[in-house]
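Chains as they are written, first to last, in our numbering: chain R, 1 to 259; chain E, 1 to 260.
Keep in mind that the hints were calculated from the coordinates and are not lab data. Each hint should be verified, as a subset may be incorrect.
Covered stretches of chain R, as calculated for chain E (at least 3 residues, CB under 8 Å) [claimed, not checked]: (1) 52 to 59; (2) 201 to 208.
Not close to chain R: a few residues of chain E, all C-beta gaps over 12 Å, as computed [stated by the list, open to error]: (3) V5; (4) S98; (5) V141; (6) G199; (7) V232.
All C-beta atoms in this analysis are idealised placements derived from N, C-alpha and C, irrespective of residue type, glycine included.
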Amino acid sequence: MSSSTLQRTASVSGMLAWRSLILVRRMPSVFIPSLVMPLFILVATSGAFHGISALPIGTGSYLAFTLPFATVMGGGFAGINAGMTLARDIEGGFVDRLISSPAPRLSLVAGPFTAAAMRSIFTTTVVLIAGTLGGIVPPGLTGTVAIYLLAAFFAMSTACWSMGVALRARTVQAAPLMQLVVFVLVFTSVAYAPRSLQTGWLRHVADWNPVTRILEASRAAEFETLSWGLLWPAIISIAILLGVLGVFALHGLAKLGKD
Amino acid sequence: MSPAVVQTLSLARRSVKGTFRFPQAWFPSLFFPLVLMAIFTASFGASAAHIPGFPKIDGFLSFAMTGAIVQGVLISGVGAGGFFAADIEGGFFDRLASSPASRSAILVSRLVAGMFLATCQAIFFMAIALIFGATIQGGVVGALIVIVLAGLLAIPIGGLGVLLALRTGSAEAVQGMFPLFFALMFFSSTFFPRETMTGWFQTVANLNPISHLVEGMRQQIIVGVDWRAAGVSLAIIIGLAVLTVGGSALNLRRRLEGNQ
């Protein structure tokens, strides 16, 4: 890719990301659930399963234990939003107009991909503020940055997944599929309990689930116990998710308009 | 059989068939409760006994079974409301209203279909839980009480779905109520006992009728046949049914009058 093409891709992607972000104001019904759900997870999960605080979960507060689950899930919702917005744009003809214009094709996914990461910054901020109001002592600068980055990278991964689905299904009716896979991926990790408490099939699934490493690193960042030993498995998990799901999205993009 | 009964059964059959025809109608109400039941059991099953205030149970799966059943009925209720709204959007409701069909059959058929589906669902969840090692302390009678209560619960939930459909006339708007139902369950003792909660959350769970409804059903599974607890669940179902079915009957009449 020449430098001028790269520049043009970055510029159009930036504009598309901005367009996706301002949709928040024009179509709040799309954005509000993705903001409310992480807050709901934080409040409802920590309240309903408060009794778990008495078990060895690495902290005496289940609210603190749940907070990274809420930030990562917030990233997941931001990613799902990217796919839903793209599906709507395909249905509405915006994507067709963009393809027939000289705008680089890659920007079609690069824009929502960037917007998902930016949206996750917003949801993470809201969840962190809610956690602080709930009595959690916020982590230091390094821990906070790590929580933001982990949620943002997860948002980018789920954006690739949901855009891949949108580019194949080409309808917003595919939204439940986008959501379902993200839900199952997160719920079968260490979302509700640490691996030391899990038993049977879930323990095996959680061991192999890349979200487990992301959540464990995010939790360690919150408790200020993040070490390289916890960070590198999270980085590898993110790289695997981004690599596999990125190829899935790009393959869908390549097929768009060719059949 | 009177024409009204024939029409009710015929419309109920249509509703049940419609649900089975579209996977998006029945899949979520089976998938989500089963997955959550499996995840919670594998997450908390080994250690729940060590949580102060947690009742003595013979396996977490037995405890989680009722939550799955009630969750399934709630999700089905939203789905049924969505389908009723789709009938309004698609014009089927107007065609039915302009036909000589019994007015009560329009509403009652939905509730009958909901009861049938909820009963099947409850039997299915129970069978899955039993296969994976759950036990029912109340035996066959306890199991029957839970199944009957689940079937009856479909009346107020289905009534609420129909009410929302009549008020909004939009399937999307009814489906949009799903998070509210989900919140109602989480802010109750559906998934975990109230005794392990604290503060304002426990107060909300205490006030939430879903808590008492679920506990009355759960009692039959984790303790044994308890008619008093079953009576509490039944009273809550009747109370909710009066509100939601009454409200939907009123709205149905208004909509039909508007059509004339």
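Outcome of the hint check:
1. Counting residues of the stretch 52 to 59 of chain R whose CB lies closer than 8 Å to any CB of chain E gives 3, so the stated coverage by that chain holds, three being the minimum.
2. Three residues within the 8 Å Cβ limit are the bar, and the stretch 201 to 208 of chain R against chain E gives 3, so the coverage statement holds.
3. With a least beta-carbon separation of about 37 Å from chain R, V5 (chain E) lies farther than 12 Å from that chain, consistent with its non-interface assignment.
4. A cut-off of 12 Å between C-beta atoms confirms that S98 (chain E) is not in contact with chain R; the least separation is 31 Å.
5. No beta-carbon of chain R comes within 12 Å of the beta-carbon of V141 (chain E); the shortest separation is about 30 Å.
6. The non-interface label for G199 (chain E) is inconsistent with chain R: the shortest C-beta to C-beta separation is roughly 8 Å, within 12 Å.
7. With a closest Cβ-Cβ approach of about 21 Å to chain R, V232 (chain E) is found to remain outside the 12 Å limit, as its non-interface label requires.
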